[in-house]
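Visitor: Using the sequences and the hints, build the whole thing.
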Amino acid sequence: MTRLKKTILFIHRWLGFISGLVVVIVSITGCLFVFQDEIQDALYDYRKVEIQHKPYLLPSQLKQVALKQFPKGEPGFTAYYGPDRPAMVMMTVPKLGSRYVYINPYDGKFLYQENIERNFFIIVEYIHLYLLLPPAIGGQIVGWSVVIFVVLMITGIVLWWPKRKSDRKRSFTIKWNGRWRRVNYDLHNVLGFYACSIALILAITGLSIAFDWVRTGINKTANLGQTPAIEERVLISDTINKPVVPVNTWDKGFVYAQSKSPQARMFLLYGDSKKASATVTVDAYYQPMHYYKSDSYEFDQFSAKPLRVLMHQNKSAGLKLNDMNYDIHVGQILGLTGKIIAFLTSLICASLPITGFVIWWGKRNKSKKKTTTVKGVVHRRTHKQLAIKP
1 MTRLKKTILF IHRWLGFISG LVVVIVSITG CLFVFQDEIQ DALYDYRKVE IQHKPYLLPS
61 QLKQVALKQF PKGEPGFTAY YGPDRPAMVM MTVPKLGSRY VYINPYDGKF LYQENIERNF
121 FIIVEYIHLY LLLPPAIGGQ IVGWSVVIFV VLMITGIVLW WPKRKSDRKR SFTIKWNGRW
181 RRVNYDLHNV LGFYACSIAL ILAITGLSIA FDWVRTGINK TANLGQTPAI EERVLISDTI
241 NKPVVPVNTW DKGFVYAQSK SPQARMFLLY GDSKKASATV TVDAYYQPMH YYKSDSYEFD
301 QFSAKPLRVL MHQNKSAGLK LNDMNYDIHV GQILGLTGKI IAFLTSLICA SLPITGFVIW
361 WGKRNKSKKK TTTVKGVVHR RTHKQLAIKP
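Residue numbers (our numbering): 1 to 390.
Among the hints, a few may not be true.
Stated by the list, open to error - Lysine to any residue pairs mimicking SDA-like chemistry, simulated, CA-CA at most 20 Å apart: (1) K48 / P288; (2) K320 / N223; (3) K275 / Q36; (4) K63 / L111; (5) K315 / K175; (6) K48 / C31; (7) K175 / W160; (8) K175 / V358; (9) K175 / G362; (10) K339 / N223; (11) K305 / L58; (12) K320 / V358; (13) K63 / S98; (14) K315 / I218; (15) K63 / I201.
Said to hold, decoys possible - For each label pair, taking beta carbons as the anchor points, the in silico distance ranges come out as: (16) I201 / Q69: 33 to 43 Å; (17) G217 / L334: 16 to 26 Å; (18) E117 / G217: 54 to 64 Å.
No lab work stands behind these hints, which were simulated from the structure alone.
Predicted model, so just to flag it, every value in this text is computed and none were measured.
Each residue gets a CB set at the ideal place from its N, CA and C atoms; glycine is no exception.
Guide: Quick look at the structure:
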(Lines of atoms letter the chains of each structure in order from A; the text may use other names.)
(Lines give C-alpha, C1' and ligand atoms only; values in the text may rest on other atoms or scores of the structure.)
Protein backbone atom coordinates (compact mmCIF):
# COMPACT_ATOMS: atom_id res chain seq x y z
CA MET A 1 0.00 0.00 0.00
CA THR A 2 1.36 3.41 -0.98
CA ARG A 3 2.00 6.16 1.57
CA LEU A 4 -0.92 8.14 0.15
CA LYS A 5 -3.33 5.23 0.58
CA LYS A 6 -2.03 4.62 4.09
CA THR A 7 -2.83 8.23 4.92
CA ILE A 8 -6.30 7.95 3.38
CA LEU A 9 -6.90 4.71 5.31
CA PHE A 10 -5.85 6.42 8.55
CA ILE A 11 -8.28 9.29 7.88
CA HIS A 12 -11.05 6.87 6.86
CA ARG A 13 -10.61 4.75 9.99
CA TRP A 14 -10.55 7.55 12.55
CA LEU A 15 -13.34 9.56 10.97
CA GLY A 16 -15.35 6.33 11.09
CA PHE A 17 -14.67 6.02 14.82
CA ILE A 18 -15.76 9.63 15.37
CA SER A 19 -19.03 9.52 13.42
CA GLY A 20 -19.91 5.82 13.34
CA LEU A 21 -22.45 5.66 16.16
CA VAL A 22 -24.29 8.78 14.98
CA VAL A 23 -24.38 7.49 11.38
CA VAL A 24 -25.89 4.18 12.57
CA ILE A 25 -28.60 5.98 14.58
CA VAL A 26 -29.42 8.48 11.84
CA SER A 27 -29.54 5.76 9.17
CA ILE A 28 -31.76 3.40 11.19
CA THR A 29 -34.21 6.19 12.04
CA GLY A 30 -34.17 7.18 8.37
CA CYS A 31 -35.20 3.62 7.45
CA LEU A 32 -38.09 3.77 9.92
CA PHE A 33 -39.28 7.19 8.77
CA VAL A 34 -39.35 6.49 5.02
CA PHE A 35 -42.68 4.64 5.15
CA GLN A 36 -44.24 6.59 8.01
CA ASP A 37 -47.19 7.84 5.92
CA GLU A 38 -48.08 4.38 4.65
CA ILE A 39 -47.76 2.79 8.10
CA GLN A 40 -49.80 5.46 9.86
CA ASP A 41 -52.48 5.37 7.17
CA ALA A 42 -52.82 1.61 7.76
CA LEU A 43 -52.97 2.00 11.56
CA TYR A 44 -55.12 5.09 12.13
CA ASP A 45 -58.61 5.64 10.73
CA TYR A 46 -58.61 9.38 11.45
CA ARG A 47 -56.04 9.94 8.68
CA LYS A 48 -58.67 9.29 6.01
CA VAL A 49 -62.10 10.84 5.29
CA GLU A 50 -64.74 10.21 2.67
CA ILE A 51 -64.53 12.61 -0.27
CA GLN A 52 -67.53 14.93 -0.47
CA HIS A 53 -68.32 17.08 -3.45
CA LYS A 54 -68.55 20.38 -1.61
CA PRO A 55 -66.12 23.13 -0.59
CA TYR A 56 -63.77 22.83 2.36
CA LEU A 57 -64.64 24.68 5.53
CA LEU A 58 -62.74 27.93 6.03
CA PRO A 59 -59.72 28.09 8.37
CA SER A 60 -61.68 30.18 10.88
CA GLN A 61 -64.36 27.47 11.06
CA LEU A 62 -61.73 24.78 11.65
CA LYS A 63 -60.17 26.87 14.41
CA GLN A 64 -63.54 27.12 16.17
CA VAL A 65 -63.77 23.32 16.21
CA ALA A 66 -60.24 23.10 17.60
CA LEU A 67 -60.99 25.70 20.28
CA LYS A 68 -63.93 23.60 21.50
CA GLN A 69 -61.42 20.85 22.27
CA PHE A 70 -58.89 23.23 23.87
CA PRO A 71 -60.62 26.48 24.90
CA LYS A 72 -57.41 27.91 26.36
CA GLY A 73 -55.31 26.90 23.39
CA GLU A 74 -53.72 29.16 20.78
CA PRO A 75 -54.34 28.09 17.14
CA GLY A 76 -51.22 27.81 15.02
CA PHE A 77 -50.74 26.65 11.44
CA THR A 78 -53.63 25.01 9.61
CA ALA A 79 -53.37 22.25 7.00
CA TYR A 80 -55.70 20.69 4.43
CA TYR A 81 -53.94 17.44 3.55
CA GLY A 82 -56.02 16.37 0.55
CA PRO A 83 -59.55 15.55 -0.66
CA ASP A 84 -59.58 12.18 1.13
CA ARG A 85 -57.67 13.35 4.22
CA PRO A 86 -58.59 15.39 7.29
CA ALA A 87 -57.75 19.00 7.92
CA MET A 88 -55.57 19.79 10.91
CA VAL A 89 -55.14 22.72 13.29
CA MET A 90 -52.07 22.85 15.50
CA MET A 91 -52.93 24.12 18.98
CA THR A 92 -50.48 25.40 21.58
CA VAL A 93 -52.09 24.55 24.91
CA PRO A 94 -50.84 25.85 28.29
CA LYS A 95 -49.22 23.08 30.40
CA LEU A 96 -49.90 20.53 27.65
CA GLY A 97 -47.73 21.78 24.80
CA SER A 98 -48.57 21.24 21.14
CA ARG A 99 -51.61 19.28 20.02
CA TYR A 100 -52.75 18.39 16.51
CA VAL A 101 -56.53 18.54 16.14
CA TYR A 102 -57.82 16.56 13.15
CA ILE A 103 -61.13 17.65 11.64
CA ASN A 104 -63.28 16.55 8.74
CA PRO A 105 -62.77 19.45 6.27
CA TYR A 106 -66.26 19.07 4.78
CA ASP A 107 -68.58 18.97 7.81
CA GLY A 108 -66.34 20.10 10.69
CA LYS A 109 -66.60 16.85 12.63
CA PHE A 110 -63.88 16.43 15.24
CA LEU A 111 -61.88 13.27 14.47
CA TYR A 112 -58.87 13.07 16.78
CA GLN A 113 -56.46 15.08 18.89
CA GLU A 114 -52.83 14.00 18.97
CA ASN A 115 -50.01 14.68 21.37
CA ILE A 116 -47.24 14.94 18.79
CA GLU A 117 -44.55 14.35 21.41
CA ARG A 118 -45.86 10.80 21.83
CA ASN A 119 -46.22 9.98 18.15
CA PHE A 120 -43.72 7.22 17.42
CA PHE A 121 -42.67 8.64 14.06
CA ILE A 122 -42.31 12.17 15.44
CA ILE A 123 -39.95 10.74 18.08
CA VAL A 124 -38.08 8.89 15.32
CA GLU A 125 -37.85 12.16 13.38
CA TYR A 126 -36.48 14.03 16.42
CA ILE A 127 -33.86 11.31 16.92
CA HIS A 128 -33.01 11.50 13.21
CA LEU A 129 -32.63 15.29 13.31
CA TYR A 130 -31.38 16.00 16.84
CA LEU A 131 -30.66 12.69 18.65
CA LEU A 132 -33.34 13.87 21.15
CA LEU A 133 -30.89 16.57 22.26
CA PRO A 134 -31.69 20.31 22.22
CA PRO A 135 -31.99 21.19 18.50
CA ALA A 136 -29.14 23.72 18.61
CA ILE A 137 -26.77 21.01 19.89
CA GLY A 138 -28.20 17.84 18.36
CA GLY A 139 -28.60 19.43 14.93
CA GLN A 140 -24.92 20.35 14.85
CA ILE A 141 -23.81 16.87 15.96
CA VAL A 142 -25.97 15.16 13.34
CA GLY A 143 -25.07 17.65 10.62
CA TRP A 144 -21.31 17.43 11.05
CA SER A 145 -21.46 13.65 11.43
CA VAL A 146 -23.14 13.53 8.03
CA VAL A 147 -20.41 15.80 6.63
CA ILE A 148 -17.84 13.33 7.96
CA PHE A 149 -19.85 10.47 6.43
CA VAL A 150 -19.61 12.17 3.02
CA VAL A 151 -15.82 12.30 3.43
CA LEU A 152 -15.88 8.63 4.47
CA MET A 153 -17.72 7.64 1.32
CA ILE A 154 -15.21 9.50 -0.87
CA THR A 155 -12.17 8.05 0.91
CA GLY A 156 -13.83 4.61 0.90
CA ILE A 157 -14.20 4.70 -2.88
CA VAL A 158 -10.53 5.69 -3.24
CA LEU A 159 -9.45 2.79 -1.01
CA TRP A 160 -11.79 0.30 -2.72
CA TRP A 161 -11.01 1.22 -6.33
CA PRO A 162 -9.39 -1.85 -7.97
CA LYS A 163 -5.98 -1.29 -9.56
CA ARG A 164 -6.04 -4.18 -12.02
CA LYS A 165 -8.74 -5.35 -14.42
CA SER A 166 -8.47 -8.83 -12.97
CA ASP A 167 -9.54 -7.50 -9.56
CA ARG A 168 -12.69 -5.76 -10.79
CA LYS A 169 -14.98 -8.77 -10.87
CA ARG A 170 -13.99 -9.70 -7.34
CA SER A 171 -14.44 -6.09 -6.21
CA PHE A 172 -18.03 -5.90 -7.50
CA THR A 173 -19.31 -9.16 -5.98
CA ILE A 174 -19.74 -10.63 -2.51
CA LYS A 175 -18.09 -14.00 -1.94
CA TRP A 176 -20.92 -15.60 0.02
CA ASN A 177 -19.16 -18.96 0.28
CA GLY A 178 -16.06 -17.43 1.85
CA ARG A 179 -15.18 -17.25 5.53
CA TRP A 180 -17.31 -14.89 7.60
CA ARG A 181 -14.52 -12.31 7.77
CA ARG A 182 -14.32 -12.26 3.98
CA VAL A 183 -18.10 -11.93 3.70
CA ASN A 184 -18.03 -9.04 6.20
CA TYR A 185 -15.21 -7.39 4.22
CA ASP A 186 -17.20 -7.68 0.98
CA LEU A 187 -20.38 -6.39 2.62
CA HIS A 188 -18.50 -3.28 3.72
CA ASN A 189 -16.80 -2.62 0.39
CA VAL A 190 -19.22 -3.90 -2.25
CA LEU A 191 -22.45 -2.68 -0.65
CA GLY A 192 -20.75 0.59 0.22
CA PHE A 193 -19.83 1.08 -3.44
CA TYR A 194 -23.31 0.27 -4.78
CA ALA A 195 -25.02 2.51 -2.21
CA CYS A 196 -22.56 5.38 -2.50
CA SER A 197 -24.26 7.47 -5.20
CA ILE A 198 -27.71 7.33 -3.59
CA ALA A 199 -26.21 7.76 -0.11
CA LEU A 200 -24.49 10.97 -1.26
CA ILE A 201 -27.82 12.34 -2.48
CA LEU A 202 -29.51 11.44 0.82
CA ALA A 203 -26.62 12.99 2.75
CA ILE A 204 -26.67 16.27 0.80
CA THR A 205 -30.45 16.63 1.10
CA GLY A 206 -30.09 15.87 4.82
CA LEU A 207 -27.42 18.56 5.15
CA SER A 208 -29.79 20.98 3.42
CA ILE A 209 -32.24 20.37 6.27
CA ALA A 210 -29.55 20.69 8.95
CA PHE A 211 -27.66 23.75 7.67
CA ASP A 212 -28.97 26.98 6.17
CA TRP A 213 -25.65 27.53 4.37
CA VAL A 214 -26.09 24.26 2.45
CA ARG A 215 -29.61 25.23 1.43
CA THR A 216 -28.39 28.69 0.37
CA GLY A 217 -25.46 27.13 -1.49
CA ILE A 218 -27.78 24.81 -3.44
CA ASN A 219 -29.97 27.77 -4.34
CA LYS A 220 -27.03 29.91 -5.47
CA THR A 221 -25.41 27.08 -7.41
CA ALA A 222 -28.59 26.11 -9.27
CA ASN A 223 -29.26 29.79 -10.04
CA LEU A 224 -25.65 30.40 -11.10
CA GLY A 225 -25.30 32.96 -8.33
CA GLN A 226 -28.32 35.03 -9.41
CA THR A 227 -31.44 34.71 -7.25
CA PRO A 228 -34.58 36.59 -8.43
CA ALA A 229 -35.35 39.63 -6.28
CA ILE A 230 -38.95 38.51 -5.75
CA GLU A 231 -37.70 35.38 -3.95
CA GLU A 232 -35.18 37.22 -1.75
CA ARG A 233 -37.36 40.15 -0.74
CA VAL A 234 -38.45 40.13 2.91
CA LEU A 235 -42.09 41.20 3.14
CA ILE A 236 -43.83 42.85 6.08
CA SER A 237 -47.43 43.77 6.85
CA ASP A 238 -48.52 47.41 6.80
CA THR A 239 -49.00 48.30 10.47
CA ILE A 240 -50.08 51.90 9.71
CA ASN A 241 -52.87 51.61 7.17
CA LYS A 242 -54.95 49.00 8.91
CA PRO A 243 -58.53 48.60 7.63
CA VAL A 244 -61.28 49.99 9.85
CA VAL A 245 -63.23 46.74 9.62
CA PRO A 246 -61.05 43.75 10.63
CA VAL A 247 -60.34 41.28 7.86
CA ASN A 248 -59.86 37.54 8.34
CA THR A 249 -56.74 37.16 6.23
CA TRP A 250 -56.51 33.40 6.74
CA ASP A 251 -59.96 32.87 5.20
CA LYS A 252 -59.45 35.33 2.38
CA GLY A 253 -55.96 34.05 1.65
CA PHE A 254 -57.17 30.45 1.53
CA VAL A 255 -60.02 31.29 -0.88
CA TYR A 256 -57.63 33.34 -3.03
CA ALA A 257 -55.11 30.47 -3.21
CA GLN A 258 -57.85 27.98 -4.11
CA SER A 259 -59.04 30.18 -6.97
CA LYS A 260 -55.54 30.79 -8.34
CA SER A 261 -54.33 27.18 -7.89
CA PRO A 262 -57.34 24.97 -8.77
CA GLN A 263 -55.01 22.00 -9.38
CA ALA A 264 -53.72 22.08 -5.77
CA ARG A 265 -54.72 19.22 -3.46
CA MET A 266 -52.98 20.21 -0.23
CA PHE A 267 -52.78 23.58 1.52
CA LEU A 268 -50.64 24.78 4.44
CA LEU A 269 -51.43 28.11 6.12
CA TYR A 270 -49.16 29.77 8.67
CA GLY A 271 -48.26 33.16 10.11
CA ASP A 272 -47.28 34.77 13.41
CA SER A 273 -50.23 36.94 14.46
CA LYS A 274 -48.37 38.08 17.61
CA LYS A 275 -45.80 39.89 15.49
CA ALA A 276 -47.24 43.01 13.91
CA SER A 277 -45.00 43.00 10.85
CA ALA A 278 -45.51 39.28 10.12
CA THR A 279 -47.39 38.09 7.05
CA VAL A 280 -49.74 35.18 6.39
CA THR A 281 -48.53 32.51 3.95
CA VAL A 282 -50.57 29.95 2.04
CA ASP A 283 -48.69 27.17 0.24
CA ALA A 284 -50.74 25.24 -2.32
CA TYR A 285 -49.27 21.82 -3.14
CA TYR A 286 -50.21 19.95 -6.29
CA GLN A 287 -50.12 16.48 -4.70
CA PRO A 288 -51.14 15.39 -1.17
CA MET A 289 -48.22 14.63 1.17
CA HIS A 290 -45.69 15.73 -1.48
CA TYR A 291 -43.83 19.03 -1.24
CA TYR A 292 -42.16 19.51 -4.61
CA LYS A 293 -44.69 21.27 -6.87
CA SER A 294 -46.41 24.15 -5.11
CA ASP A 295 -47.61 27.71 -5.52
CA SER A 296 -46.89 30.14 -2.69
CA TYR A 297 -48.95 33.17 -1.65
CA GLU A 298 -48.04 35.77 0.97
CA PHE A 299 -50.55 38.29 2.36
CA ASP A 300 -50.64 41.38 4.55
CA GLN A 301 -52.07 40.02 7.80
CA PHE A 302 -54.31 43.07 8.33
CA SER A 303 -55.74 43.79 4.88
CA ALA A 304 -55.30 40.37 3.16
CA LYS A 305 -53.59 42.19 0.30
CA PRO A 306 -51.44 39.79 -1.76
CA LEU A 307 -47.81 40.81 -1.29
CA ARG A 308 -46.14 37.99 -3.22
CA VAL A 309 -47.38 35.31 -5.59
CA LEU A 310 -44.93 32.61 -6.64
CA MET A 311 -46.34 30.06 -9.04
CA HIS A 312 -44.37 26.83 -9.42
CA GLN A 313 -43.55 27.42 -13.07
CA ASN A 314 -42.16 30.87 -12.26
CA LYS A 315 -39.86 29.79 -9.45
CA SER A 316 -36.12 29.78 -9.99
CA ALA A 317 -34.24 26.50 -10.43
CA GLY A 318 -32.66 26.91 -6.99
CA LEU A 319 -35.99 27.38 -5.24
CA LYS A 320 -37.50 24.41 -7.10
CA LEU A 321 -34.56 22.27 -6.06
CA ASN A 322 -34.96 23.26 -2.41
CA ASP A 323 -38.72 22.65 -2.61
CA MET A 324 -37.87 19.17 -3.92
CA ASN A 325 -35.47 18.48 -1.04
CA TYR A 326 -37.79 16.57 1.33
CA ASP A 327 -39.28 14.42 -1.43
CA ILE A 328 -35.77 13.47 -2.58
CA HIS A 329 -34.57 12.82 0.97
CA VAL A 330 -37.28 10.25 1.71
CA GLY A 331 -37.32 8.88 -1.85
CA GLN A 332 -40.92 9.74 -2.64
CA ILE A 333 -39.87 11.86 -5.61
CA LEU A 334 -39.86 8.49 -7.48
CA GLY A 335 -42.96 7.10 -5.76
CA LEU A 336 -42.91 3.73 -4.00
CA THR A 337 -39.82 2.63 -5.95
CA GLY A 338 -37.92 5.66 -4.69
CA LYS A 339 -38.94 4.95 -1.11
CA ILE A 340 -37.72 1.36 -1.36
CA ILE A 341 -34.39 2.59 -2.76
CA ALA A 342 -34.06 5.15 0.06
CA PHE A 343 -34.93 2.49 2.65
CA LEU A 344 -32.36 -0.03 1.36
CA THR A 345 -29.68 2.65 1.00
CA SER A 346 -30.24 3.84 4.56
CA LEU A 347 -30.05 0.25 5.77
CA ILE A 348 -26.71 -0.22 4.01
CA CYS A 349 -25.43 3.07 5.46
CA ALA A 350 -26.35 1.82 8.94
CA SER A 351 -24.35 -1.37 8.33
CA LEU A 352 -21.15 0.31 7.08
CA PRO A 353 -19.84 1.56 10.46
CA ILE A 354 -20.55 -1.89 11.95
CA THR A 355 -18.85 -3.92 9.20
CA GLY A 356 -16.00 -1.39 9.16
CA PHE A 357 -15.49 -1.80 12.90
CA VAL A 358 -15.45 -5.60 12.51
CA ILE A 359 -12.76 -5.29 9.81
CA TRP A 360 -10.63 -3.08 12.07
CA TRP A 361 -11.13 -5.36 15.06
CA GLY A 362 -10.16 -8.42 13.02
CA LYS A 363 -6.98 -6.79 11.74
CA ARG A 364 -6.14 -5.61 15.25
CA ASN A 365 -6.46 -9.14 16.66
CA LYS A 366 -4.54 -10.54 13.70
CA SER A 367 -1.63 -8.16 14.30
CA LYS A 368 -1.63 -9.09 18.03
CA LYS A 369 -1.48 -12.80 17.19
CA LYS A 370 1.33 -12.18 14.71
CA THR A 371 3.30 -10.23 17.32
CA THR A 372 2.77 -13.00 19.90
CA THR A 373 3.89 -15.65 17.40
CA VAL A 374 7.04 -13.72 16.48
CA LYS A 375 7.91 -13.26 20.15
CA GLY A 376 7.39 -17.00 20.76
CA VAL A 377 9.67 -17.97 17.87
CA VAL A 378 12.40 -15.59 19.07
CA HIS A 379 12.08 -16.96 22.61
CA ARG A 380 12.40 -20.58 21.39
CA ARG A 381 15.42 -19.76 19.24
CA THR A 382 17.16 -17.91 22.09
CA HIS A 383 16.41 -20.75 24.51
CA LYS A 384 17.83 -23.30 22.05
CA GLN A 385 21.01 -21.27 21.55
CA LEU A 386 21.55 -20.99 25.29
CA ALA A 387 20.97 -24.73 25.71
CA ILE A 388 23.69 -25.79 23.22
CA LYS A 389 26.34 -23.49 24.64
CA PRO A 390 29.18 -25.33 26.48
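Visitor: A separate judgement is required for each hint: does it hold in the structure or not?
Guide: Status of each hint after checking the structure:
{"no.": "1", "hint": "K48 / P288", "verdict": "12 Å, holds"}
{"no.": "2", "hint": "K320 / N223", "verdict": "10 Å, holds"}
{"no.": "3", "hint": "K275 / Q36", "verdict": "34 Å, violated"}
{"no.": "4", "hint": "K63 / L111", "verdict": "14 Å, holds"}
{"no.": "5", "hint": "K315 / K175", "verdict": "49 Å, violated"}
{"no.": "6", "hint": "K48 / C31", "verdict": "24 Å, violated"}
{"no.": "7", "hint": "K175 / W160", "verdict": "16 Å, holds"}
{"no.": "8", "hint": "K175 / V358", "verdict": "17 Å, holds"}
{"no.": "9", "hint": "K175 / G362", "verdict": "18 Å, holds"}
{"no.": "10", "hint": "K339 / N223", "verdict": "28 Å, violated"}
{"no.": "11", "hint": "K305 / L58", "verdict": "18 Å, holds"}
{"no.": "12", "hint": "K320 / V358", "verdict": "42 Å, violated"}
{"no.": "13", "hint": "K63 / S98", "verdict": "15 Å, holds"}
{"no.": "14", "hint": "K315 / I218", "verdict": "14 Å, holds"}
{"no.": "15", "hint": "K63 / I201", "verdict": "39 Å, violated"}
{"no.": "16", "hint": "I201 / Q69: 33 to 43 Å", "verdict": "41 Å, holds"}
{"no.": "17", "hint": "G217 / L334: 16 to 26 Å", "verdict": "24 Å, holds"}
{"no.": "18", "hint": "E117 / G217: 54 to 64 Å", "verdict": "33 Å, violated"}
When the structure is compared with the earlier hints, violations turn up for hints 3, 5, 6, 10, 12, 15, 18 and for no others.
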